[in-house]
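With the hints as your guide, set chain B onto chain A.
For the record, the sequence lines run as chains A and B. Numbering of the first sequence is given in the working numbering, commencing with residue 1 and proceeding in unit increments. Numbering of the second sequence is given in the working numbering, commencing with residue 1001 and proceeding in unit increments.
For the record, the hints were derived by calculation from the structure and aren't laboratory data. Yeah, the Cβ is synthetic: ideal placement off N, Cα and C, and Gly gets one too. Careful: at least some of the hints might be erroneous.
Restricting the straight-line Cα-Cα distance to at most 20 angstroms, the calculated cross-link-like pairs of lysine to any residue (SDA-like) are [stated by the list, open to error]:
#1 A:98 - B:1123
#2 A:98 - B:1138
#3 A:125 - A:114
Short, incomplete list of chain B residues facing chain A, as computed with Cβ under 10 angstroms [what the hints assert, rightly or not]:
#4 1127
#5 1132
#6 1133
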Amino acid sequence: MNQLLFHQVELKIGGFCLQIPQAVFPKRVTGIFGPSGSGKTSLLEIVAGLRRPARGTVQLGKTMFSDSAQRFFLPPEKRGTGYVPQDLALFPHMNVEKNLRYGTDGKQTDENLWAQILSVLELEKLLGRMPSSLSGGERQRVAVGRALMSSPKILLLDEPLRNLDHGLKDRGMEFLLKIRDEFSTPMLYVSHEPGEMARICDEVLVLNHGRVVVQGAVSDLFKPSDVPNFRFSAPADISGGSP
Amino acid sequence: MKFGMEEWNVVFFTIWIAALSTAIILPFGVGLAWLLARRNWPGKSLVETMVSLPLVIPPVATGLILLKVFGRRGPVGKILEENLALEIVFTWKAVLLALAVMSFPLLVRTARAAFEEVDFRLEQVARTMGSGPFKVFRTISLPLARRGIIGGCILAFARALGEFGATILIAGAITGKTATISVSIYNLIQLGQDEAALVLMMVSIGISFVALWCGERFLRPAKP
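With the rest of the complex left out, here is chain A (with noise of 0.2 angstroms):
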């Protein structure tokens, strides 16, 4: 599998900036936690091109994604992730199968893994519907199943559950599962929800005031059972990020 890696990486962004000396990203799916405005969707926007870093190095496997030092930026078209951000940004003025069908455009479709993914993410009835005909969780479905339908090395999930109602984050917590289970792509996966690091990450990576908390397994930072009453086990404090 691909290990993700951040060497000095260093962003800003108005005031704001985003600092991680050195993180691996070697599991399944790492998930990347912290409170509104820790950087975390930042984190996700480098991986997938669309924020350039002032310094430091982004590494996919042995794909250079950013290096500073050599002015190097490879452009998000070609770096082969599947992103799907906070608000879906599905494509009004396409139907649900031109959606999926986009990141394949003039390329040779890979019908297994379209019937795979129609079959985990229970597409097939959809696809003639439009964007604007679908529910909250119709559109997260189809916004996930089209960051796969590009083979994506790495699928980028942005708090994918966020707009969802309570009965409707478990079912689509339920259809991530699957694509965890059943799609070796690996993941990073963000959220401020500890509940949903618990269930789907192997491992954690915490950001807070744009700086790495601590990096672990979920197992030894998140537990299940502490949902809702969580309390974050790290040493430092977290509860006072920026809005």
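Only chain B this time, still in chain A's reference frame:
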């Protein structure tokens, strides 16, 4: 009241030349609108201001600039005439040039607003799915901005239909050669043929009304 073949020819010539100028400025206008909406580049605000100038300076001033630039002794006109034997001033090409320059800002501003309304996240996500900038433009930005672009085209066409100041300066008022509806109205008034001028004015209002009505339909936000 006389409204004969000559007047109808003026109407058809005006519609044809306004449509042609809109078609010519369309790719440039859309490209520039996208660059203004989505990219930062040196000199951007200068280009932005230059493009919008014809909206605010007197049309005759724009016509005078065009005359000086494209005239036989002008820097561009001289080159065109000596190298390509292409004469611009006081020909139908001068009408085309005047209409294109005067209507270009309307297309650019409307199309720019349309591109700015497209959710940037959609373009970003498309990039992560393997699409280069041109494919993202073709498959995401352009289709989502199309209502505004079509609306901009109709506004530019309507503006071209009514152009007078710049046209009369660079193309003159030669009936059957360069006279558009507005120039012909002016000519008829000068000749004391007020009734024919009024009929031409009514035809002009009718065409502009239809064009603007269509434009408003496209510019109105889509129903959710």
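Hints and how they fare:
For the suggested pair residue 98 (chain A) and residue 1123 (chain B), the alpha carbons sit about 15 angstroms apart, so the restraint of at most 20 angstroms is met. Distance restraint check for residue 98 (chain A) and residue 1138 (chain B): the Cα-Cα separation of roughly 15 angstroms lies within the 20 angstroms cut-off, and the hinted pair is therefore satisfied. This hinted pair checks out: residue 125 (chain A) and residue 114 (chain A) have alpha carbons roughly 14 angstroms apart, not beyond 20 angstroms. A cut of 10 angstroms between beta carbons decides the hint on residue 1127 (chain B): the least distance to chain A is about 4 angstroms, and the hint holds.
Nearest Cβ of chain A to the Cβ of residue 1132 (chain B): about 5 angstroms, under the 10 angstroms cut. The hint holds. Because the closest C-beta pair between residue 1133 (chain B) and chain A is about 8 angstroms apart, less than 10 angstroms, the hint holds.
Taken one by one, the earlier hints all hold for this structure without exception.
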